[in-house]
Amino acid sequence: MSPDREVLRVEDLRVEYVTPDGPIKAVEGVSFSLQAGQRMGLIGESGSGKTTLGTAIVRLLRPPARITSGRIVLDGHEFLQVGERELRQLRMREVALIPQAAMNSLNPVMRIGDQIADGIIAHAQSAKIPRRDVAERVARALWQVGLQSYLASRYPHQLSGGQRQRAAMAIATALQPKIIVADEPTSALDVVVQRQVMQTLGRLQQGLHAAVLLIGHDMGLVAQFADTIGVLYAGRLVEQGPVEDLLDAPRHPYTRLLIDSLPTLDAKKALRGIPGLPPSLLNLPPGCPFAPRCPYAFDRCRVETPALQPVTTLQKAACHLYPAHTSLPPLPERADIPEVVAPAADAEVAV
Amino acid sequence: MTPLLEVRKASKIYGGGLFKRHDKTIAIDNLSYSIPDEKPSITAIAGESGSGKTTLALLMMGFLTPSTGQVFYRGRDVATMLSAERRQFRREVQPIFQDPYEAFNPFYRVDHVLETPLKRFGLTHSKDEARRQIEEALERVGLRPNETLGRFPHQLSGGQQQRIGVARALLCQPRIIVADEPVSMVDASLRATILASLQVLNRDLGISIIYITHDLTTAYQICENIVVLYLGNVAEVGTVDRVIRTPRHPYTQLLVSSIPVADRRRRWGEDSPVEAEATSTLVGGSVGCPFAPRCPSVMDICRESPPPLFVPDAHRAAACFLYRDAPVLPTADVASIWEKEAA
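Residue numbers (our numbering), protein chains in the order written: chain A, 1 to 351; chain B, 352 to 694.
Treat the hints loosely; a few may be bogus.
Listed next, the in silico EDC-like pairs over lysine to aspartate or glutamate satisfying Cα-Cα at most 16 Å (straight line) [said to hold, decoys possible]: (1) A:Lys269 <-> B:Glu575; (2) A:Lys268 <-> B:Asp592; (3) B:Lys390 <-> B:Asp555.
Residues on chain B that point at chain A, a partial pick, calculated with CB under 10 Å [claimed, not checked]: (4) Ile545; (5) Leu546; (6) His565; (7) Cys646; (8) Val649.
So the derived label-pair ranges between C-beta atoms look like this [claimed, not checked]: (9) A:His157 <-> B:Thr467: 37 to 47 Å; (10) B:Tyr459 <-> A:Thr68: 31 to 41 Å; (11) B:Thr682 <-> A:Asp248: 24 to 34 Å; (12) B:Thr419 <-> A:Asp114: 22 to 32 Å; (13) A:Asp248 <-> B:Ser400: 27 to 37 Å; (14) A:Leu331 <-> B:Arg617: 51 to 61 Å; (15) B:Arg675 <-> A:Gln206: 35 to 45 Å; (16) B:Gln439 <-> A:Ala188: 29 to 39 Å; (17) A:His157 <-> B:Tyr459: 49 to 59 Å.
Calculated directly from the structure, the hints in this document are not laboratory data. Everything numeric in this text was worked out from a predicted model, so none of it was measured. Quick reminder that beta carbons are idealized off the backbone N, C-alpha and C, glycines included.
Chain A with its partners taken away, still in its complex shape (with noise of 0.2 Å):
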């Protein structure tokens, strides 16, 4: 297995959600690649579409939303084409999905060790295979994920916050995927555990060589994690790179206003937000979706839609000021940019 052999490639994706109103466009051209072993990490606030994206690349959207336009190429399969039994086959073995709030999602009344083994017998080849086979695989994928094997027979109320978690992702790699996509896998979980969990989820995507999408709102966690972060806005990706360079030198004005936001344990300093609200995505303006509320915006910005576009070698942004800068120009003085109050029955796009 060469290590830089393409696995995943999604190509100019959108995803709708049908409502009354009219269509809210939640995931909006948005193209990017894994190779196997690549970690990838997607951040984006509530609303930004990164939960309906990494849904639609396990093909788990459920109406109302659907995949309008786009290609998503699973290892050479061209997976919206697939009929649904092959799509059954192709998830879990191609793909999994480390869903949101994993560990509520685990059966009460199932032992942990049943609900592996599940998966593994619902993907078998021949029709049946012998029971000591999964009692071997049950243990196998228990031990990728850090847990000992008579946890098998336990019931999920017998295990710890961070062990629910952790049979939820043996769960979802069972069959040994070439691609997890994971879902904010340690929300809810306390620092020292989340620390523990993603140190599990680092080990097993070595142990497998697979690639991981690993979705967040946190930037502190996707930075420890990830190689490379795509920075989802209003549905688009706005900036793409190494996560060392898009810490370093942040190309979009949302990325930079957003690293600043962040508080450090370095110096105190005035803590600052975003002004401002992402906008609803129904009807949205003509224009770049962050120009309300960016420090940078001008007359450009307001009718004409950025393009993402190559800023180095290996960072593309989606704005307006390159090709013409190569790197964002400082800070322009706050002026105040008024709060926008978000339209009724905008609320929260459903992720």
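Knowing the structure of chain A, use the given hints to seat chain B on it.
Just chain B now, with coordinates in the frame of chain A:
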């Protein structure tokens, strides 16, 4: 001088009912803490889930009664207050809740939530005056009255709703605000504005803030002092500069080293040898240091008796026998560690 609020040797024990006599959980274990009257402070109470931080907050606000010990407000025991005193206590000690999406009645406009305390506590004389007070409070927390009033909660973002919560507390003219994880449900870009508004209330209006959190980074940014709880006991206490930048207690060290920093030059180290989770809650009759079962530096003495708070350097105390050569904190009140500074 009498402290404004004082928690004196308070314990809170849950469970242990008729059928589960041996199934007690000690949420807060013999804790003493005070907020001075003269100097407004901003203090973090930090810990993981199950550390007792929310229980301590509820005790301070009088929503829970301690199992043993007492809570005093202006020198009066909260449990036995008369109704007039209780009204003053209720007005002057204000909560801000964790989840703004659940704190508001969805059927009322936000105006209702702001007008009610003014009427309830008789803080206003006319409609116009009420309106002016409300607008002033909204502006203090960085909201524009004309864009906020008249709206329903679902028309506002989580960050705006949470700031309405701060404005509501502010209208009561409180002396103390107890904020329980006020930003954990809010996106990163909006967190800063809410925390900044708490700082403004502390600095400009002299309101003491108790900030309950599991997030040491925000605690470091906005607070002066911190109390780190572990299974209902104080592990470490002191100024944030001491406790967070140079933690002494092995538990605080574990917490600080687990924070994911958005900086690749400071990666998480390898797996720490420490167990990631407390395997048991503190039950009645346990001896020794509550952290001993997970502690990488555990000694025999740690399993024999609970460590007192040692004072290894100024403005900080750690409940750990590693510092047993240092003097012991002379008073039970853990806040005395930073009050000396003010004196």
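Evaluated hints:
no. : hint                              : result
1   : A:Lys269 <-> B:Glu575             : 13 Å, holds
2   : A:Lys268 <-> B:Asp592             : 10 Å, holds
3   : B:Lys390 <-> B:Asp555             : 12 Å, holds
4   : Ile545                            : 8 Å, holds
5   : Leu546                            : 5 Å, holds
6   : His565                            : 6 Å, holds
7   : Cys646                            : 13 Å, violated
8   : Val649                            : 17 Å, violated
9   : A:His157 <-> B:Thr467: 37 to 47 Å : 41 Å, holds
10  : B:Tyr459 <-> A:Thr68: 31 to 41 Å  : 39 Å, holds
11  : B:Thr682 <-> A:Asp248: 24 to 34 Å : 48 Å, violated
12  : B:Thr419 <-> A:Asp114: 22 to 32 Å : 46 Å, violated
13  : A:Asp248 <-> B:Ser400: 27 to 37 Å : 34 Å, holds
14  : A:Leu331 <-> B:Arg617: 51 to 61 Å : 25 Å, violated
15  : B:Arg675 <-> A:Gln206: 35 to 45 Å : 43 Å, holds
16  : B:Gln439 <-> A:Ala188: 29 to 39 Å : 37 Å, holds
17  : A:His157 <-> B:Tyr459: 49 to 59 Å : 38 Å, violated
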